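K.L.:
Chains as they are written, first to last, in my numbering: chain A, 1 to 316; chain B, 1 to 189.
Just so you know, not all the hints are guaranteed correct.
[What the hints assert, rightly or not] Computed from the model, here is a short list of chain A residues facing chain B with C-beta under 8 Å:
hint : residue
1    : R111
2    : S147
3    : S186
4    : P187
5    : T189
6    : A208
7    : Q209
8    : G211
9    : P213
10   : Q214
11   : E215
[Unchecked claim] To give an idea of the chain A side of the interface with chain B (calculated C-beta under 10 Å), a few residues:
hint : residue
12   : A105
13   : R109
14   : A110
15   : A184
16   : Q185
17   : G188
18   : I210
19   : W212
For the record, the hints were derived by calculation from the structure and aren't laboratory data.
As the structure is a prediction and not an experimental result, all values here were calculated from the model.
Heads up, the beta-carbon is just placed ideally off N, CA and C, and yes, glycines get one too.
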Amino acid sequence: MSGSYIEVQVEQCRQVAPAIKEFALKALDAPLPAFSPGSHVVVEMRDGQKTYRNPYSLLSDPRDPSAYRIAVRLQEQSRGGSRFMHERIAEGSRLRISPPANLFAPDWRARKHILLAGGVGITPFMSYLPELQRRNADFELHHLFRSSRTGAYDADLRQRLDGRYFAYDSARDKRCPVAELMAAQSPGTHIYICGPQSLIDAVYANAAQIGWPQEHIHVEAFAAPEPGEPFEAVLCKSGKTIQVGAEESLLEALEREHIEVPNLCRGGVCGQCVTGVRDGAIEHRDHFLSEREKSSGQCLMPCVSRAKGPKLELEI
Amino acid sequence: MNDAVASYTVKSRPDYHEVAPDQTAQCHVFITDSAGLAQSEALCQASPVAKKQAWHIGDSDTLPAGYEAIQSGDWQAVLGEQLSGFGIATAFYVSGLEAFLWQVHGVLTKAGFAPSQIHLEPPAGNQRDVFCTHCYHITPDVSTTPARCAGCGRLLLVRDHFSRLHCAYVGVQINAEDPAEVPPTEELS
Ligand code: FES
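The shape of chain A in the complex, shown without the other chains (with noise of 0.2 Å):
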């Protein structure tokens, strides 16, 4: 993460649904810094020798700079921090957290709201309701999970939106009509997406299929890096020389070995960690560069990004 930490502590952390945990926030020293409805903060996690950062939503009011809240699902295939959080943090637990950022902003323009929550996907979302109502628009929240995991705030949420709520959870066969839902909007709808791959992929095919504006669809895309094969990477300016493991990104070998790359979504998202690169294949694992600037082999973004063969020579 870069630029300043905020050091906070745990005052309260509760479960939500089966698989994810809340937890909120307090500053220790300074207040928090007010955010915009769709923020989010990378948390900086310490298990011993291991450092685990990940970008978490800001659940709050947006308001309401009294407390951060995130919620965190706890991930199957987990390469540590999601579970850190569910097993080591608890009330009075210390964090550090970075500022918040935002990459998925309501598009105010718009004439109509759609959000369309997977899972876990429900907490950005959480910080637009307040200022949704408050600005007395229109919206609809679609909400997909699955009872026996996910679902968090469903009964409140039923309660708070009324008429604006629509459940589907899959343990009970429910199922979202995404195309029946997006063809039936009036001009001027915006549709935001935070959930799975396939949902996501479902909306565009959608989009494709009976031309629904592309610039209409707001993707919050950013996951955890995908585990890959380790490399090695050559740091042609410093002359280091750094090994990344199979469960590590390429960034958070960096930050290990305390270089500093920028970064802000680090899921590939927003360009800021984009690094040269002098030699060596690439896997490219991002929703930033264009597939030209892919195909060139110049460059990569670290954050999600691997080497294809045993070694990567980068231009830092």
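Once you have looked at the hints, place chain B with the ligand on chain A.
P.N.:
This is chain B with the ligand only, laid out in the frame that chain A set:
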């Protein structure tokens, strides 16, 4: 300082490309002025036979089959009202003079349609509307530079700077030092 110089010399003229019908759209809407009518008709015939609507804006008594007329008077408001009947997955094709293209673009985006749904054909003529930076008057159908502002009478150099807000090119007085000096007139491209 550098920025100011750069933005002064930058040429901002929208780029236009030949338009092909969008095969995915659920509905196709053609909007043209008199100058763009032939272009519009050709495109309309080439587009898939999904739901179609075609409007000619202006005063004309002979229209090709399938075109409905909207009188030029208050056409932007009339068009705006008509649009409420169209779904989000509609493609628009606009033909005509450049200022008209962008005026329609403005009506469509105001109605909530996205730029990617709005296809502007290459302008059907070299006439420009010119926005006078001195009196803010817009002089229509200018095809030479310099040109006389219909508002204040100044002789304006027509720059290649297109303002999407005004749907017009920017004009600045060419002979501010000596109004008696009249530079040669050139045809605009
Ligand atoms: S940190 Fe955002 S793309 Fe890498």
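K.L.:
Could you work out which earlier hints the structure fails to respect and list their numbers in ascending sequence?
P.N.:
Structure breaks hints 2, 12.
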